[in-house]
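Visitor: Produce the complete structure using the sequences and hints provided.
There are 2 protein chains.
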Amino acid sequence: MAHGAGGKSSRRLVEGLFAPLLYPDSAGPLTDAAQLSIEGTRIAVTTDSFVVKPLQFPGGSIGELAVNGTVNDLAVSGARAEVMTVTYILEAGLATEVLEAEVRAMASAAQRAGVQIVSGDTKVVEHGKADGMYITTTGIGSLIHGMKIDPGLIRPGDKVLVSGPIGDHGVTILLARGELDLEAELTSDTRSVLPLVEVLAEASGPGIRWMRDPTRGGVATSLNELARDCGLGIVIDEDAIPMHDAVRGACELLGLDPLHIANEGQFLAVIAPEYSDAAVNALNLLPGGEDARIIGTVCEHPAAAVLVMTSYGGSRIIDMLVGDPLPRIC
Amino acid sequence: MAHGAGGKSSRRLVEGLFAPLLYPDSAGPLTDAAQLSIEGTRIAVTTDSFVVKPLQFPGGSIGELAVNGTVNDLAVSGARAEVMTVTYILEAGLATEVLEAEVRAMASAAQRAGVQIVSGDTKVVEHGKADGMYITTTGIGSLIHGMKIDPGLIRPGDKVLVSGPIGDHGVTILLARGELDLEAELTSDTRSVLPLVEVLAEASGPGIRWMRDPTRGGVATSLNELARDCGLGIVIDEDAIPMHDAVRGACELLGLDPLHIANEGQFLAVIAPEYSDAAVNALNLLPGGEDARIIGTVCEHPAAAVLVMTSYGGSRIIDMLVGDPLPRIC
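Going down the list, the sequences are from chains A and B. All the letters of the first sequence, read from the start, carry residue numbers 1 to 330 under my numbering. All the letters of the second sequence, read from the start, carry residue numbers 1 to 330 under my numbering.
The set of hints was computed from the structure by calculation and includes no laboratory data. Among these hints, one or two may not hold up.
Since copy identity is lost for identical chains, a pair holds within one copy or between any two.
Straight-line alpha carbon distances no greater than 30 Å define the calculated DSS-like cross-link-like pairs of lysine-lysine that follow [what the hints assert, rightly or not]:
1. 129 - 8
2. 148 - 8
3. 129 - 148
4. 53 - 129
5. 148 - 53
Guide: The following block contains the structure:
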């Protein structure tokens, strides 16, 4: 299960098996979406399968997640989702109402995100397989102009921005499974981050060096991947990280680090220092961006690692997610 | 299971639930791939999930099928696959060798078909939830020029062409499951049909009215969909249909109609009569196209139905696949 959790084992699987065989010509670090040319037009393409359990949870459902997740992978790659394809792998015996609810959720999320669903496929597998349904979406996007995303330009002193409170999605799913005797007023943060990214591009486009949506593996995994790819250190101020009390409380009780918990409606960005105030101010003015803030800085040291400055004046190195404390959250 | 078999129930599910909600703006009949514009460039897009059982079978495997199936959906829509995305849903505990074999099969099939794999995703589900693996591919293609695919132009007298022997894939899968005490020298026909389609386009491009790869539901289902969409009749000469003896024999023994059996490396085309000789001659000269031939004619009657003229001088109406005698063949 750890190989699907988005952390260290996932990366090893991708770098050791998939990438050399499937993308032999690809250079540079792995990203959320590929950019390529079709007959001279630059497009971005991304794909994801969704196997979240349960299918519905406070604040969202698998269908909504499948649309927003793909829209967001494009958005953090600097692209606006234009069209999307959808496939369903359905478990035999699935109630029509359940399927219809998810198809409706997808149609509605697609409309909100401004993306058109253009093609699809359905397969049915035997009862007991597929947990109701698995959904795969692929998004094709056009490039948002005015951004200069290039991790190669990241320098010490660049700022790390987060778009809002972290951990809502992962903790919501954990509680929705009902396996723990815990309750909290919490909903998944699933949403399209495209409006936020577009505002960010307008406010500080030339200063945006990198973006990522910290889903599986959480903020810590995304930042570790970045640190490793650029060889620099990332120092995070724990007190600055926006987080709901319910997330903090649940993580303390369960011994989980909120920095490893998955998000679905947030993104991280590295921004050149001269653009960071403009970035935060612009996001804070947009509904849904009120809690965006700078949470850290790129430094020379620790090289290729992430350091968290704790509330009590100490510090700790935080690694990628290892193992999978929270399987099947998306 | 019948809803995933590609026959009548599948069509009802797509037309009754998916299409009105997901493609509310789409006009006209459902096709294998969507054509659309991104920043002024016309592209074709298609997606499919693959859940074939067993994962490996004589002549191919799920990975090869997943590449060829998507290349072929584009090809019969008049497009050349340029790039492809891949997602894997893996069952926990799957042997690394099995995964690696499929990743290699995909890389090799992609190279043969001239398509580049650009993006991917992996999820892992619990043991028992995914039969080893499910694969989803999405293909993006550029349009092949010189064809005039438009079912609206189909007229009585147009010819129905098949690219080669039918039924190999479905019967191979059926036998590979080992549930029947039957053996035959037969392999799946999985392959890219793009080279054949390109030759067809050169030889008789302006005369090509329609193409389809008769996968789930077989030749009968594809032709019934066409007959229904254009309102005309399609009369097939049973003796003209190319078929291996092993397929004929297995179908007779099992009471299956070869016209309902899935193919993976064949396509059907409707061609204006003045172009049909050129089409057949050109295909026959290409390795893999030796058995291409005309198997029927578009007629006024029976309206919106498919009639098979049998070897014994009789005739029978053949409907779409109803139910699912052969689940999970792709």
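Visitor: So, for every hint listed, does it hold in this structure?
Guide: We went through each hint and held it up to the structure:
| no. | hint | in the structure |
| --- | --- | --- |
| 1 | 129 - 8 | both (27 Å within a copy, 23 Å between copies) |
| 2 | 148 - 8 | within (28 Å within a copy, 50 Å between copies) |
| 3 | 129 - 148 | neither (44 Å within a copy, 42 Å between copies) |
| 4 | 53 - 129 | both (13 Å within a copy, 12 Å between copies) |
| 5 | 148 - 53 | neither (37 Å within a copy, 46 Å between copies) |
Hints 3 and 5, counting from the list given before, are not met by this structure.
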